[in-house]
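Engineer: Residues per chain, in single letters:
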Amino acid sequence: MKTFLSAAVVLAVAIPPASATELTVVTAGDTNMVDYINEYLAPIFEKENPGDTVRAVGTGPGDAGSQKILERFEAQSGNETWDTDVAVVHEKFAGPMVEQNFLKQYRGDIATGELVTSDKAKMALGTNVDGYVMPMFSSQTAIAYNPALVENPPKSYSEIETWAHEHPGQFGYNGIKGGASGVSFVMGWIYAFGDGDATQLMNGPFEEGAAKEWDGALKRLKDFNADVTMTPGNAGTLDMLGRGEIAMGPVWVDMFYSWQADGKLPPDMKLLLPEPGMPGQPMHYVIPENAPHPELAEKFVELATSPKIQAEGIVKRFNWYPGIDATHVKAELDEASWNKLFKDVTPEDLANYAKPFPIAPYNNAILEAYERHVAN
Amino acid sequence: MRERTIGLLLAVPAIATIALLYMMPLLASVTGAFETEAGFGLDNFIKARDLYTTDILYTLLIVSASTLIIAAFSVAIAGYLTLGENPKAVAILRWLYRWPLFIPFIVVGQVLRTFLAKNGLMNNLLVAGGILTPMQTMSFLDWRGIVIAFVWKQTPFVTLLLAGAMASIDRATIEAARNLGASRLRILFEIVVPQVRTTLFVGMVLSFVTMMSVLSVPLMISAQSPTMITADIAFRINAYGDYGVANALGMISLIMTMAVAIFYLSHNLKEKAR
Amino acid sequence: MSALSMQDGRAAGKRLRLPFDLKWLPRAIVLGLVAFAIFGPLANLLLWTVAERWYFPHTLPLEYGFSYWAKVFSPRGVAWESLFTSVFIALLAVIGSLALAIPAGYALGRLKLPARGLILLVFLIPQAFPNLPVYVNIARFFYDVGLNGTIAGVVLVHVTHGLVFAVWIATASFAAVDAELEEAARSMGAGPFRAFFDVTLPLALPGLMASGIFVFLESLDEFTGAYFVGAPDVQTLPLLLYTAGAGGNYQIASITALLLLIPSIFFMLVVERFLRADVLSRIGH
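Chains as they are written, first to last, in this note's numbering: chain A, 1 to 376; chain B, 1 to 274; chain C, 1 to 285.
Hints may be right or wrong, so weigh each one.
What the hints assert, rightly or not - Selected chain A positions facing chain C (in silico; Cβ < 10 Å): (1) ASN38; (2) PRO43; (3) GLU207; (4) ALA211; (5) LEU238; (6) LYS264.
No lab work stands behind these hints, which were simulated from the structure alone.
Just so we're clear, the structure is a prediction, and the values are computed from it rather than from any experiment.
A virtual CB, placed ideally from N, CA and C, is assigned to each residue, including glycine.
Could you put together the complete structure from these sequences and hints?
Structural biologist: Next comes the structure, spelled out in structure tokens:
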């Protein structure tokens, strides 16, 4: 007991207290997000700002990770100084954070703020977040397939539907409860087969009672589900693709590339973006209103969204689509690295078929309709 | 009267810890389950019933089945550890059974997912060993996978408790029965198990409760519908930010486990009164 | 499966002396099956720690290596630090819950208490209510009282979770100890504390130690509470494990799990050694 207590004291002393200039970055997403910040961004930032250090905390992949950051903000909303300087969250959670006044409107304060002109920095699933977010990278869902098992890959949702009925069990997706790649596939399904106007789903306005327009599409989806394999989660789809248990399934493009880099997927796997399109979403850098080191936090985001870092880190190292406008990033890169990004999914595909998610109320309504009509 | 006072005083620190650190935060969740847009009401429970009745029953079935299988396995293992006559076999089994205890649930989910899948390591080994042909392989990644994961992880827990309790019972009756020619199976079920019944039930209740609240195993092994309550709770929160229905589902889960615990406790008290 | 070995044993017990090697056959088959069930999945874990490339249609990894170990132990990584933090928290959680559970378990197991069943139920609640919706409330409370981001905060959360194991098992252990022994000690002039520490506690110790193991393991398995209450100042290994595991980073998750095995097994061995000495000392008394 005594030896333990003294060991405890030694340990307690050995763990250093938080130093004054430690920048805390909390990020949703996979370990590769934590690694990106810890192993790539932090050393560059620390070199530019001698004496300051960066520490990254991962909250886990998917919506659950971002939700945990939102809950963390809620829990400390009564405090004057918070414990987070910078957070990286999914698009879906930027809206609620802005609505609850958790975030600082900082984009105008940083030099890179004007390098992003697209809508994704202004609206997040129907909520105005202009000025509160800087996109870290854009992520897109697509259909991954094994060319060895799929000779003529389908090019549209209707062709996928036919293919899945012809090859029972060979198409796999994770429903809506195992992560956003399945959710994205379902949203694309509604865009393709819903009776209503898909652009209204993406841009609003929300109309109560739109759910009826999806009945036919959901019924088709239920029939479709009878012939497909349900996978456990975003990673579960990739997992089953990697073991050859399914031949095709929706995945996040960034996860697909990192699984391939980690040797968990055959190198000849390919991606395609079917007509009329699948949703994607950016990950956003946000700074809490009560961040302990707001100036340093802005410097950090400024560095992270600079064309050089976006080119070197986001595009070249991780094969992610850049967060800021492509023209600024392309100028920093050689042709080959840039083209690698569009190996399977061409810029034209992206222009035509990369869609946003439906605005939040539609998003929830579609999910609940799925729970009622397809899963139940 | 004095004994009761002392007893309460001894129990108070532990009760106070739970009350302060858990019951107070829980209270917000409990009231949250009844909060709706139109004031207090049962809307969240109605929605939970409409959408998740299958999942609730499915959870109950999976967890109950797992509990019973765990009990059977742990009685068998602990019984052999106590009554086994070959010291070498007993030593090997004692060394073997405990390993899953040290593997966190999330890793159990991961290793069993890659082990039990259709083209997972288990089937690959069986095919390579000529026991199965590739056409005969099948995936266990559905309710069976969840049950296997629970049994794999929780059996050592109950066994450890049970083996400890069996080791401390009086050997004299066992020896006497053995001298009278009773088989070891009879000794196990007629002499040993009755004496460690309380420990067995405690282990079963604790396992039941633990399995009810595990999220990573259903998420990683089978996200098909139906799924387990914890996965639905996570979904309500992460997809909709809907704490109302999540808390209602939490209440349902709480009521189910409490029912099991109360059943055990009343049984236990009755026995004490005898 | 034990039925098999039982029959085998019974046959041996009844004068029917079989040759040695035949007797081992059913035993070996059963033990082999148990070993496969347990070490099959574990082998999977070990393989992933050194697999560089592993995908369909290959039964075993295509390429082995330690590059993911380098990733886990990279100079900027926090693997060691968080491992020590986790073990430290787990040990404190064990001490905390045993300190609370021994008196409570004694009272519940040995003394007449009003509403005994209800009290036992109370300890079950932290395990029985799925915690996801509750942690925000706990975090809010801990922020208010300044416990967030401290080791003490995480320990308290783990104590509330481990307490059900500690109290329930302690109750059973104390109930199993013969009350007459303590009364005999009292009648021979020992004070209540002396009688407790010299007679009852040593007899209940095996159960208490087992409950300590469970609290330790429970603490090393917990990450959600550790995130809400501990992060970013206190980073535990299970939290890293969760991020890797949930995202399907099999290599990193497997290596982290292997790291977590070390303290668990070490703790178990220490407790066992302690136990055996204690049990041995009682023999012949």
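Engineer: Evaluate each hint against the coordinates.
Structural biologist: A quick look at each hint next to the structure:
1. ASN38: It holds, given that the least Cβ distance between ASN38/A and chain C is near 5 Å, below 10 Å.
2. PRO43: PRO43/A check passes; min Cβ-Cβ to chain C is 7 Å, inside 10 Å.
3. GLU207: violated (31 Å)
4. ALA211: This hint is violated: ALA211/A lies away from chain C, its Cβ roughly 26 Å from the closest one there, beyond 10 Å.
5. LEU238: Check passed: Cβ of LEU238/A comes within 6 Å of chain C, closer than 10 Å.
6. LYS264: Holds - the Cβ of LYS264/A comes within 10 Å of chain C, reaching about 6 Å at its closest.
In this structure, the earlier hints numbered 3 and 4 are contradicted, and the remaining ones agree with it.
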